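My request is simple: use the sequences and hints to build the entire structure.
In the order they appear, the protein sequences are chains X, E, Z and W.
With our numbering, letter number 49 in the first sequence gets 49, and the count goes up by one each step, no holes.
With our numbering, letter number 233 in the second sequence gets 233, and the count goes up by one each step, no holes.
With our numbering, letter number 223 in the third sequence gets 223, and the count goes up by one each step, no holes.
With our numbering, letter number 253 in the fourth sequence gets 253, and the count goes up by one each step, no holes.
Interface residues of chain W toward chain X, partial, derived using beta-carbon atoms under 10 Å:
no.	residue
1	Met39
2	Thr40
3	Ile42
4	Asp112
5	Arg192
6	Pro195
7	Gly228
Cross-link-like lysine-lysine pairs, in silico, DSSO-like; alpha carbons within 27 Å at most:
no.	chain 1	residue 1	chain 2	residue 2
8	W	Lys194	X	Lys107
9	W	Lys194	X	Lys259
10	E	Lys124	X	Lys54
11	E	Lys259	Z	Lys194
12	X	Lys54	E	Lys249
13	Z	Lys54	W	Lys249
14	X	Lys194	W	Lys194
15	W	Lys249	W	Lys83
Computed Cβ-Cβ distance ranges for the label pairs, DEER-style:
no.	chain 1	residue 1	chain 2	residue 2	range
16	Z	Gly237	X	Asp196	38 to 44 Å
17	E	Ile64	X	Asp196	46 to 52 Å
18	X	Asn79	Z	Trp181	58 to 64 Å
To be clear, the hints were calculated from the coordinates, so they are not data collected in a lab.
In this text, all values refer to a predicted model and were calculated from it rather than measured experimentally.
All C-beta atoms in this analysis are idealised placements derived from N, C-alpha and C, irrespective of residue type, glycine included.
Number of protein chains: 4
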Amino acid sequence: MNSKTIGLCLIAITFSIQIKAQHGGTPPAVSPMPMKPEMTEIWEPEVPVITPAKTLGDAPSDAIILFDGKNLDQWVSQNDPSKPAPWKIVDNDYMEVAPGTGNIQTKMKFGDCQLHIEFSAPDKVEGESQGRGNSGIFFQNRYELQVLDSYNNRTYRNGQAGSVYKDQAPLVNAMRGPLEWNTYDVVYTAPRFKPDGRLDSPGRITVLHNGVLVQNNSTIHGLTLYIGLHNYPEAHGDDVLALQDHNNKTQFRNIWIRKL
Amino acid sequence: MNSKTIGLCLIAITFSIQIKAQHGGTPPAVSPMPMKPEMTEIWEPEVPVITPAKTLGDAPSDAIILFDGKNLDQWVSQNDPSKPAPWKIVDNDYMEVAPGTGNIQTKMKFGDCQLHIEFSAPDKVEGESQGRGNSGIFFQNRYELQVLDSYNNRTYRNGQAGSVYKDQAPLVNAMRGPLEWNTYDVVYTAPRFKPDGRLDSPGRITVLHNGVLVQNNSTIHGLTLYIGLHNYPEAHGDDVLALQDHNNKTQFRNIWIRKL
Amino acid sequence: MNSKTIGLCLIAITFSIQIKAQHGGTPPAVSPMPMKPEMTEIWEPEVPVITPAKTLGDAPSDAIILFDGKNLDQWVSQNDPSKPAPWKIVDNDYMEVAPGTGNIQTKMKFGDCQLHIEFSAPDKVEGESQGRGNSGIFFQNRYELQVLDSYNNRTYRNGQAGSVYKDQAPLVNAMRGPLEWNTYDVVYTAPRFKPDGRLDSPGRITVLHNGVLVQNNSTIHGLTLYIGLHNYPEAHGDDVLALQDHNNKTQFRNIWIRKL
Amino acid sequence: MNSKTIGLCLIAITFSIQIKAQHGGTPPAVSPMPMKPEMTEIWEPEVPVITPAKTLGDAPSDAIILFDGKNLDQWVSQNDPSKPAPWKIVDNDYMEVAPGTGNIQTKMKFGDCQLHIEFSAPDKVEGESQGRGNSGIFFQNRYELQVLDSYNNRTYRNGQAGSVYKDQAPLVNAMRGPLEWNTYDVVYTAPRFKPDGRLDSPGRITVLHNGVLVQNNSTIHGLTLYIGLHNYPEAHGDDVLALQDHNNKTQFRNIWIRKL
Numbered sequence: 001m002n003s004k005t006i007g008l009c010l011i012a013i014t015f016s017i018q019i020k021a022q023h024g025g026t027p028p029a030v031s032p033m034p035m036k037p038e039m040t041e042i043w044e045p046e047v048p049v050i051t052p053a054k055t056l057g058d059a060p061s062d063a064i065i066l067f068d069g070k071n072l073d074q075w076v077s078q079n080d081p082s083k084p085a086p087w088k089i090v091d092n093d094y095m096e097v098a099p100g101t102g103n104i105q106t107k108m109k110f111g112d113c114q115l116h117i118e119f120s121a122p123d124k125v126e127g128e129s130q131g132r133g134n135s136g137i138f139f140q141n142r143y144e145l146q147v148l149d150s151y152n153n154r155t156y157r158n159g160q161a162g163s164v165y166k167d168q169a170p171l172v173n174a175m176r177g178p179l180e181w182n183t184y185d186v187v188y189t190a191p192r193f194k195p196d197g198r199l200d201s202p203g204r205i206t207v208l209h210n211g212v213l214v215q216n217n218s219t220i221h222g223l224t225l226y227i228g229l230h231n232y233p234e235a236h237g238d239d240v241l242a243l244q245d246h247n248n249k250t251q252f253r254n255i256w257i258r259k260l
Numbered sequence: 001m002n003s004k005t006i007g008l009c010l011i012a013i014t015f016s017i018q019i020k021a022q023h024g025g026t027p028p029a030v031s032p033m034p035m036k037p038e039m040t041e042i043w044e045p046e047v048p049v050i051t052p053a054k055t056l057g058d059a060p061s062d063a064i065i066l067f068d069g070k071n072l073d074q075w076v077s078q079n080d081p082s083k084p085a086p087w088k089i090v091d092n093d094y095m096e097v098a099p100g101t102g103n104i105q106t107k108m109k110f111g112d113c114q115l116h117i118e119f120s121a122p123d124k125v126e127g128e129s130q131g132r133g134n135s136g137i138f139f140q141n142r143y144e145l146q147v148l149d150s151y152n153n154r155t156y157r158n159g160q161a162g163s164v165y166k167d168q169a170p171l172v173n174a175m176r177g178p179l180e181w182n183t184y185d186v187v188y189t190a191p192r193f194k195p196d197g198r199l200d201s202p203g204r205i206t207v208l209h210n211g212v213l214v215q216n217n218s219t220i221h222g223l224t225l226y227i228g229l230h231n232y233p234e235a236h237g238d239d240v241l242a243l244q245d246h247n248n249k250t251q252f253r254n255i256w257i258r259k260l
Numbered sequence: 001m002n003s004k005t006i007g008l009c010l011i012a013i014t015f016s017i018q019i020k021a022q023h024g025g026t027p028p029a030v031s032p033m034p035m036k037p038e039m040t041e042i043w044e045p046e047v048p049v050i051t052p053a054k055t056l057g058d059a060p061s062d063a064i065i066l067f068d069g070k071n072l073d074q075w076v077s078q079n080d081p082s083k084p085a086p087w088k089i090v091d092n093d094y095m096e097v098a099p100g101t102g103n104i105q106t107k108m109k110f111g112d113c114q115l116h117i118e119f120s121a122p123d124k125v126e127g128e129s130q131g132r133g134n135s136g137i138f139f140q141n142r143y144e145l146q147v148l149d150s151y152n153n154r155t156y157r158n159g160q161a162g163s164v165y166k167d168q169a170p171l172v173n174a175m176r177g178p179l180e181w182n183t184y185d186v187v188y189t190a191p192r193f194k195p196d197g198r199l200d201s202p203g204r205i206t207v208l209h210n211g212v213l214v215q216n217n218s219t220i221h222g223l224t225l226y227i228g229l230h231n232y233p234e235a236h237g238d239d240v241l242a243l244q245d246h247n248n249k250t251q252f253r254n255i256w257i258r259k260l
Numbered sequence: 001m002n003s004k005t006i007g008l009c010l011i012a013i014t015f016s017i018q019i020k021a022q023h024g025g026t027p028p029a030v031s032p033m034p035m036k037p038e039m040t041e042i043w044e045p046e047v048p049v050i051t052p053a054k055t056l057g058d059a060p061s062d063a064i065i066l067f068d069g070k071n072l073d074q075w076v077s078q079n080d081p082s083k084p085a086p087w088k089i090v091d092n093d094y095m096e097v098a099p100g101t102g103n104i105q106t107k108m109k110f111g112d113c114q115l116h117i118e119f120s121a122p123d124k125v126e127g128e129s130q131g132r133g134n135s136g137i138f139f140q141n142r143y144e145l146q147v148l149d150s151y152n153n154r155t156y157r158n159g160q161a162g163s164v165y166k167d168q169a170p171l172v173n174a175m176r177g178p179l180e181w182n183t184y185d186v187v188y189t190a191p192r193f194k195p196d197g198r199l200d201s202p203g204r205i206t207v208l209h210n211g212v213l214v215q216n217n218s219t220i221h222g223l224t225l226y227i228g229l230h231n232y233p234e235a236h237g238d239d240v241l242a243l244q245d246h247n248n249k250t251q252f253r254n255i256w257i258r259k260l
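Here's what the structure looks like:
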C-alpha cells in the first residue's frame with residue numbers, strides 16, 4: 001500500500017480496521033507505542049528482475065537451457081563422462097533413451113534449483129509395474145524423482161511417477177496417457193552437511209506433475225537405493241543432474257534449470 | 001524398478017553398484033542382515049488418480065472452479081456476505097475490481113490448498129509504487145499474497161508482486177507487462193493452532209509467478225497488517241479466500257483451487 | 001533494556017552501535033523510518049510464573065508428580081488397566097520392574113510434555129547387548145525412548161540408551177555405571193495428524209541424558225516397531241505414558257511431567 | 001531388544017503384537033515381504049562414549065570449561081580483546097560484572113553448542129523492569145539470551161529472563177529469588193548461510209531455566225537489536241560467546257560448553 005496518497009491511506013486504514021473488526025476475539029499482541037506504516041517497509045536490496053517466458057512451462061530469462069531439442073551439448077555419458085551423451089534426438093524436438101547405453105548426466109553441477117522437464121512414456125506401451133516406461137531424474141546424481149508410465153499401471157506407491165523413489169509417494173497420480181507429454185516443475189533443496197560430514201538437514205523437494213502438486217516440500221531421506229534403508233552415507237556438494245537409462249525408450253524435452 | 005524380470009534386476013543392481021563405486025568414501029550405514037528390494041516397496045493405499053488438464057495452468061479433475069469467466073457464483077461481497085460479489089465480468093473472460101465496492105470473498109472456506117489464479121494489471125498504467133495495480137489474495141481471509149503491477153514500478157521489496165505483504169519479499173521479480181496476464185501457482189499450508197489457541201506452526205507458502213519460483217515454502221509470520229508487527233493473535237480454522245479492492249481496476253481470470 | 005533512564009539508554013545505544021561497528025559489512029535491512037525501542041516490546045499476555053525446585057532435577061510447581069517413591073497410584077497394569085501397577089516399590093525410594101508382570105502405564109494421558117525420569121540398571125549386571133537392563137519409556141504409548149544398561153555394553157547404535165528405538169541413535173553415550181542413577185530430561189512434541197487421519201507433522205524429541213544432549217529435536221519417524229519400517233499407521237490423540245517390562249529388573253524414581 | 005535369546009525374542013514379538021492389537025484401526029503400511037529384526041539395527045559407527053558429571057549441572061568429560069571460579073583465563077575484554085576480562089572473581093566461586101568495564105567474551109569461537117551457565121541477580125535488589133539485574137548471553141556474539149532479575153519484576157514478555165531478547169518470550173517465568181543461583185541449560189543451533197551470504201536457516205534455541213523448559217527449539221529471527229526489526233544482515237561463521245555488562249552487578253558461575 002502507498003502512504004503518500006491520503007486516499008489510499010484511508011482505504012488501507014479502513015481495510016485494516018475491517019480485518020480487526022471482522023475477526024474479533026483477542027487483539028493482536030501490540031507494542032506500547034504505535035508504529036507507522038513505513039516502519040515495516042523494506043526497500044533494499046532491490047529484488048532482481050527477470051523476464052518470464054511467454055508461455056507457462058517455457059524458460060525464463062535466468063534459466064540455463066539444458067535441452068531445447070537441437071542437441072545434447074549440455075550432456076555426457078555417465079559410463080564415460082569424456083564421451084558425448086549417447087541418446088537419440090528425434091525431430092529436433094525431443095531426446096529418447098537409447099536402451100543399453102547407460103545414464104546421461106549434465107556437464108554442469110547443481111545444488112538447490114528449480115527444474116522444468118517434460119517427459120513422455122515410450123510410444124509403444126509394454127511391460128507392467130516398474131517395467132513400463134521406467135526412467136528417473138537424479139538430483140545431485142543421487143536422489144531420484146521417479147519417471148514411469150503410471151497411466152493405468154499399478155505399482156508400489158513409493159515407486160510410481162512423481163515419487164521420490166522408494167521414499168515418498170506422490171499425493172496424487174496425475175499421469176497423462178502414453179502418447180502425451182507430461183511436465184514436472186520441481187523445486188529442489190539440496191541436503192546440507194556439517195563440516196565433519198554429518199547430515200545437517202535433509203534434502204527437500206516440491207513437485208508439480210502436469211501442474212498438480214504431488215510433493216510438497218517433502219523430506220528426502222537419503223541416497224536413493226534399490227535395496228535397503230535410505231540414508232546419507234557421505235557429505236557432498238553440488239553435483240550433476242542425471243537421467244536414467246532403465247532400458248525403456250522414455251522421451252524427454254524442454255529441460256531448463258534455475259540455480260536458487 | 002521391477003524385481004520380477006531378471007534382466008531389469010541386473011540393471012538395477014548394476015546401477016546400484018555404480019552409484020556406490022562412483023561416490024566412494026564411507027559406505028552407507030548398513031544393517032547386519034541384507035534386505036530384499038521388495039522390503040522397501042509400499043503398495044497400500046493406492047495413490048488417488050486424477051486427470052490433469054490438457055494445458056498447463058488449467059484445472060485438473062479434482063479442482064474446485066472458483067471462476068471461469070462466466071459468473072461470480074462462487075463469490076460474495078465482503079462488506080455484506082449476503083450480497084453477490086459486486087465486481088464486473090468482462091467478455092465472459094475475466095473479472096475486474098469495481099473500485100469502491102469492497103473486497104470479494106468465496107462462499108466456501110479453505111485451509112491447506114493449491115491455488116491457480118491469473119491476474120492482469122489495469123489496462124491504463126497510472127500511479128506508482130503501491131498505487132499502481134494494487135490488489136491482493138487473502139488466504140483464510142488473513143494472509144495476503146500481494147498483487148501489484150510490479151513491471152517497471154519500484155516499491156518496497158516486501159510489498160511488490162509475489163511478496164507475502166510486509167513479510168516475505170519474492171526471490172525475483174517475474175512480472176509481465178501491464179497488458180499481459182500473469183499466473184500465480186500457489187501451494188498454501190495453513191497455520192496450525194494448539195487446542196488452547198496458541199500458535200502451533202506458522203503458515204507456509206510456495207509461489208510460482210509466471211512459472212518462476214518466488215516463494216519457497218516461506219514462513220508466514222502472522223496476520224497481514226498494514227501497520228505494525230505481524231503475529232498470530234488468535235486461533236482459527238478454514239476460512240474464505242478473499243480478493244482485495246484497493247481502488248485499482250485489477251483483473252482476474254481462471255481461478256481454481258484444490259484442497260490438500 | 002530499559003529506556004526510561006537516560007544512562008541505561010546510552011549504554012544500550014552504545015552497545016548497539018558497537019555491535020554494528022564490530023561486524024561491519026552490509027548494514028541490516030532497515031525501514032525508511034527509524035523506530036523507537038518501545039515498538040518491539042511485547043507486554044501482553046504476562047508470562048505465567050512458576051516456582052522451580054530447589055535442586056536441579058526435582059519437580060517445579062506446575063509439574064504432575066508421576067512417582068515420588070511412595071506409591072504407584074498414578075500407574076496401572078498395561079495388561080489390565082483396571083488393575084494396579086504390579087511393579088515393586090523399594091525403600092520408599094524407587095520402583096523396580098517385576099519381570100513377567102507386563103508394562104505399566106499412567107492413568108493420565110499426555111501429548112506434548114516435558115518429562116523428568118531417573119533410572120538405574122539392575123543391581124546385578126548380566127546379559128549383554130539388548131539383554132542387559134532393557135526397558136523403555138513409551139510416549140503416547142507408542143514411541144519408545146530406549147532404556148538400557150549401555151555402560152560398557154555394545155549394541156546397535158539405534159538401540160542403546162538415549163536412542164529413539166530403532167530410529168534415532170543418541171549423539172553420545174552418557175551412561176553411568178550400573179549402580180548409579182541416570183536422568184533423562186525430555187522435551188517431547190507429539191505428532192500432529194490432519195482431520196482425515198494422515199500425518200501432518202511427525203513427533204519430535206529432545207533428550208538430555210545425565211545433563212548431556214543426546215537428542216536435539218530429533219524427528220520420530222513413526223510407531224516404534226521391533227520388526228520393519230517405522231511409520232504412522234493411524235491418527236491418535238493424547239495417550240498414556242508407559243514403562244516397559246523387558247524381563248530385566250530396571251529401576252525408576254523421581255518421575256514428573258509438565259504438559260506443554 | 002536382543003534377537004539372540006529366544007525368550008527375549010518371544011517377549012519382543014508378543015509386545016509388538018500387543019501394540020498392534022491395542023491400537024487397532026488401519027494396519028501400518030507394510031512391505032510385501034516380511035523383514036527380520038536385524039534389518040533395522042544400525043551398528044556403525046559406534047556412538048562416542050563420554051563420562052557425565054556426578055552431579056546434574058556439572059560438566060561432562062567432553063565439555064570445555066569456560067569458568068570454574070578460579071580465573072578468567074578463557075575470557076577477554078570486548079572493548080579490547082587483547083586485554084584480560086576486567087570483571088571480578090569473588091570467593092574463588094563466581095564472577096561479577098564490573099559495571100562500566102564493558103562486555104567480556106571468550107577467546108574461543110563457537111557455533112552449535114550446548115551451554116550450561118549459572119547466574120544470580122545482584123545481591124542488592126534495585127531498579128525495576130529492564131533496570132534490575134540486567135545482563136545477557138550473546139551466542140556467536142550476536143544473539144542474546146536475556147539475563148535479568150525477573151523475580152517479582154514485571155517487564156515486557158520478550159525481554160524477561162529466558163527470552164531471546166526482543167524476539168521470543170519464555171514459556172514460563174521460572175526465576176529464583178535474588179539471592180539464589182539460577183541455571184540455564186541451552187542447546188543452541190547456529191544460523192546457516194548460503195555461499196552468497198543469504199540466510200539458509202535461522203538460528204534455533206532450546207533453554208531449560210532451573211530445569212524448566214522456557215524455549216523449545218525456538219526460531220531466532222536475527223541479530224539482537226535494541227531498536228528495530230530483527231534480521232540477518234550478514235553471513236558469519238563461529239564466533240565468541242559474550243556476557244553483557246549492562247551496568248548491574250550480575251553474577252555468573254559454573255560455565256561449560258560442548259561443541260555439537
